[in-house]
Amino acid sequence: MARVILTGSLRDLAQTKDTGPIEIDAADVRELLRKLEDRLPGIAKRVEDGLSIAIDGDIVADPLLEPIGADSEIHFLPSIQGGS
Amino acid sequence: MATAEVDQQKKFKWIGTRPVRPDGLDKVRGRANYGADHALPGMIWGKVLRSPHAHARIVSIDTSKAEAMEGVHAVITAADLPEILSEESKIGEGPTNFRDLSHNVIAREKALYHGHAVAAVAATTSAIAQQALEAIQVEYEVLPHVLEGDDAQAPDAPILHDDLFTKGVEPRPTRPSNVASRTEMGRGDAEAGLAKADHVITRSFRTKAVHQGYIEPHAVVATLGEDGRATVWASSQGHFMIRAYCAKLLGMDQSQIKVIPAEIGGGFGGKTTVYLEPLAIALSGKAGRPVKMVMSREEVFRATGPASATRIELRMGCTKDGKLTGAHARLEYEAGAFPGSPVGAAVMTLFAPYDIDGCLAEGYDIVVNKCKVAAYRAPGAPMAAYAVETVVDELAEKCGIDPIEFRLQNASREGTQSAFGPKFKRIGNIETLEAAKAHPHYSAPLGPNQGRGVASGFWFNGGMQSSATVQVADDGTICVVSGNPDIGGSRASLAMMAAEEFGIDVKLVDPQIADTSVVGFSDLTGGSRVTFATGMAVVDACRDVIRQLRERAASIWGIEVDAVKWSDGAARATNGDAGLEPLSLRDIALKAARTGGPISGRASLTARGVGMAFAVHICDVEVDPETGKVDVVRYTTVQDAGRAIHPSYVEGQMQGGAAQGIGWALNEEYIYDADGKMENPGFLDYRMPVASDLPMIDTVIVEVPNPTHPYGVRGVGEVPIVPPIPAVVNAVHAATGVRITELPLSPPRVLAAMDARRN
Chain A
5 MARVILTGSL
15 RDLAQTKDTG
25 PIEIDAADVR
35 ELLRKLEDRL
45 PGIAKRVEDG
55 LSIAIDGDIV
65 ADPLLEPIGA
75 DSEIHFLPSI
85 QGGS
Chain B
2 MATAEVDQQK
12 KFKWIGTRPV
22 RPDGLDKVRG
32 RANYGADHAL
42 PGMIWGKVLR
52 SPHAHARIVS
62 IDTSKAEAME
72 GVHAVITAAD
82 LPEILSEESK
92 IGEGPTNFRD
102 LSHNVIAREK
112 ALYHGHAVAA
122 VAATTSAIAQ
132 QALEAIQVEY
142 EVLPHVLEGD
152 DAQAPDAPIL
162 HDDLFTKGVE
172 PRPTRPSNVA
182 SRTEMGRGDA
192 EAGLAKADHV
202 ITRSFRTKAV
212 HQGYIEPHAV
222 VATLGEDGRA
232 TVWASSQGHF
242 MIRAYCAKLL
252 GMDQSQIKVI
262 PAEIGGGFGG
272 KTTVYLEPLA
282 IALSGKAGRP
292 VKMVMSREEV
302 FRATGPASAT
312 RIELRMGCTK
322 DGKLTGAHAR
332 LEYEAGAFPG
342 SPVGAAVMTL
352 FAPYDIDGCL
362 AEGYDIVVNK
372 CKVAAYRAPG
382 APMAAYAVET
392 VVDELAEKCG
402 IDPIEFRLQN
412 ASREGTQSAF
422 GPKFKRIGNI
432 ETLEAAKAHP
442 HYSAPLGPNQ
452 GRGVASGFWF
462 NGGMQSSATV
472 QVADDGTICV
482 VSGNPDIGGS
492 RASLAMMAAE
502 EFGIDVKLVD
512 PQIADTSVVG
522 FSDLTGGSRV
532 TFATGMAVVD
542 ACRDVIRQLR
552 ERAASIWGIE
562 VDAVKWSDGA
572 ARATNGDAGL
582 EPLSLRDIAL
592 KAARTGGPIS
602 GRASLTARGV
612 GMAFAVHICD
622 VEVDPETGKV
632 DVVRYTTVQD
642 AGRAIHPSYV
652 EGQMQGGAAQ
662 GIGWALNEEY
672 IYDADGKMEN
682 PGFLDYRMPV
692 ASDLPMIDTV
702 IVEVPNPTHP
712 YGVRGVGEVP
722 IVPPIPAVVN
732 AVHAATGVRI
742 TELPLSPPRV
752 LAAMDARRN
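Those protein sequence lines, which keep their order, are chains A and B.
Each residue of the first sequence is one higher than the one before, counting from 5 in my numbering.
Each residue of the second sequence is one higher than the one before, counting from 2 in my numbering.
For the record, the hints were derived by calculation from the structure and aren't laboratory data.
Rough simulated footprint, nothing fancy, chain A against chain B, three-plus residues with beta-carbon under 8 Å:
#1 185 to 191
#2 337 to 349
#3 423 to 436
#4 458 to 469
#5 606 to 613
Ideal placement from N, C-alpha and C gives every residue a C-beta, glycine not left out.
Given only the sequences and the hints, what does the whole structure look like? Please build it.
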């Protein structure tokens with residue numbers, strides 16, 4: 005099961021004080037978001053609006069079909085703007 | 002993304018060498034075409050009328066006198082552009098609200114800062130256009146303005162946007178505010194971590210707005226024909242970005258706009274948005290002639306994005322033996338007139354170099370009556386590093402531990418849970434610290450009134466979308482076509498990776514940057530991403546071509562393609578087929594017409610596996626005890642480049658970032674009068690460092706290859722601006738004993754701090 009970890013401002017998505025890792029069985033980001041929506045209402049919209057996802061440390065700015073491993077660690081992050 | 006890995010231990014022929022840059026001769030001989038160099042038959046000149054007030058309601062605009070002037074072809078106001086609804090989109094690097102962007106390009110109901118565009122004119126000559134601007138009559142209702150983030154949060158502060166309610170707070174506010182959003186990031190329990198610290202340092206830091214300072218002002222030529230099709234020549238960090246933004250702001254289809262990239266005379270993040278381009282297209286459509294617009298330096302300062310002014314309150318604590326236990330920061334970043342400061346990146350980068358038991362960073366995005374900020378090299382990170390790296394220096398001093406050793410004790414490394422969430426993959430934080438510690442500079446003796454400072458820096462780097470095509474000419478030479486303006490040497494690095502793939506001389510590779518109608522979409526040149534991401538696309542396109550070359554060789558020889566390999570610029574039979582001499586690229590290209598036609602490859606991808614970057618800088622300063630003037634007398638930058646494709650370009654990025662950061666630390670600031678008018682909009686009064694102000698900036702490239710890039714590349718353009726401010730400030734402390742928590746460290750400020758200490 006992949007582990008979804010909410011940090012920072014995104015903990016409000018949990019709508020509870022229990023923001024511990026959420027275990028989800030998903031093959032890719034699309035399935036992950038679909039399954040997470042029941043437990044974190046609004047998460048898909050937040051991702052659509054500009055959240056990035058880190059999958060095992062790799063930050064993906066616009067994710068949908070990225071594969072998720074059985075032991076993957078998932079973090080949601082604000083999008084990062086660069087400028088060089 | 003299909004890029005296969007290259008053996009990271011392999012000896013390369015071109016990677017890591019320093020061939021002559023492909024664009025060098027044109028640039029040093031003055032032949033390169035920048036934004037302002039383009040001209041078209043029948044072209045006329047556009048100019049912008051700007052608000053003389055920091056905050057004012059636009060009651061009316063009477064353009065009739067200007068329109069009646071001889072030589073004036075068009076006058077536009079916001080009424081000539083479509084009204085855009087509030088809508089955030091992920092076009093470009095980050096979320097963009099197109100209503101705000103439209104209102105920044107030209108004010109609609111209100112002018113929100115001094116210099117805000119309110120109308121534009123196109124005329125036969127620049128002088129007539131200027132006269133026409135003066136004939137436009139704008140009736141303003143002047144409103145109270147607010148210039149500082151502190152004041153903007155006061156209960157009775159003038160409100161810039163009646164529909165702006167603070168995001169990220171509960172309960173949802175019912176009154177509008179100048180605080181656009183609150184965000185937080187952290188891990189563990191910051192307060193518990195601080196509670197168990199033996200030493201806790203609390204400091205408040207302030208920085209002023211600074212400009213990216215690119216040498217080339219914004220410039221554009223645009224045509225909009227009767228058929229509704231536009232062509233734009235512009236200098237920018239992304240011509241696909243210009244196409245997308247202009248289409249959105251003007252209500253056009255992207256297929257109706259072609260953008261041809263000019264050479265770019267510096268951007269540093271400041272050319273990742275549009276200012277003149279939509280106005281030039283609209284003026285051209287109204288005038289029926291091509292329109293050229295070029296900003297003056299004063300306009301660049303007044304109306305294009307500086308970096309945020311900031312206030313940061315920081316508490317950090319450690320045990321007496323130097324273990325960081327807790328940290329808490331409140332970061333307030335001014336966004337200018339519209340929401341969108343880089344405070345989100347700041348809260349994520351703030352504590353990244355360190356493994357802290359508990360840390361929390363709260364960020365606030367605040368609108369004020371100043372020009373909307375834009376990205377500037379590692380947006381948001383230098384100011385955050387100023388706070389953390391000076392407090393880390395102070396904690397090390399309290400513990401009696403060498404500052405680099407203190408950083409090594411607390412450094413994040415592969416597997417560390419970062420302060421922004423995920424665990425770090427392979428990173429070079431430790432390696433850069435160790436290289437800095439071992440550098441002769443770090444142990445060199447200092448002279449009178451001199452001091453030495455060090456600081457670390459972190460930046461994520463970017464991936465995003467890139468495309469490339471690779472074409473084989475019938476003489477066996479290669480053309481690499483990509484869609485990213487070359488700001489920091491990407492032509493050279495892309496050509497070198499192609500030469501390495503084919504095993505041919507890099508002189509046989511011609512790297513070209515194509516317009517929006519020729520090559521597949523590429524996100525803009527930013528986020529230190531082009532050599533990394535577009536490099537991946539080029540490698541994939543080369544491998545597509547090599548696959549075809551092997552197929553052609555197999556068909557010429559009449560053997561299976563699996564029995565053909567490609568190495569050192571030629572197809573070679575692998576099964577010992579007697580008598581089959583290798584077929585070079587040229588041999589196969591010459592026969593292309595008879596073996597299936599022209600050979601070309603292409604790749605489009607979203608780059609994954611970005612390699613994050615760390616840097617450590619060492620700075621020696623000498624402080625004049627009589628005047629407070631600070632001179633940087635020696636400076637060394639150490640940075641993990643992953644692998645330096647063309648080391649000279651990497652060193653140039655490191656030196657450039659250091660120079661800009663030193664200017665930020667010592668000299669640069671936007672100075673406003675009480676009415677919100679910038680008082681120093683020129684390089685005479687806005688003092689950026691020039692060559693004579695700086696010593697030779699030494700560079701040490703550390704190579705911890707990014708395992709997910711075919712050549713190990715990490716982005717290199719942004720992280721070098723992160724450590725300089727604290728490195729300079731820590732050096733000034735070492736020289737004088739004073740810790741200065743407000744930038745810039747101008748002579749009066751340093752002298753006052755020294756006098757206060759002496760007294």
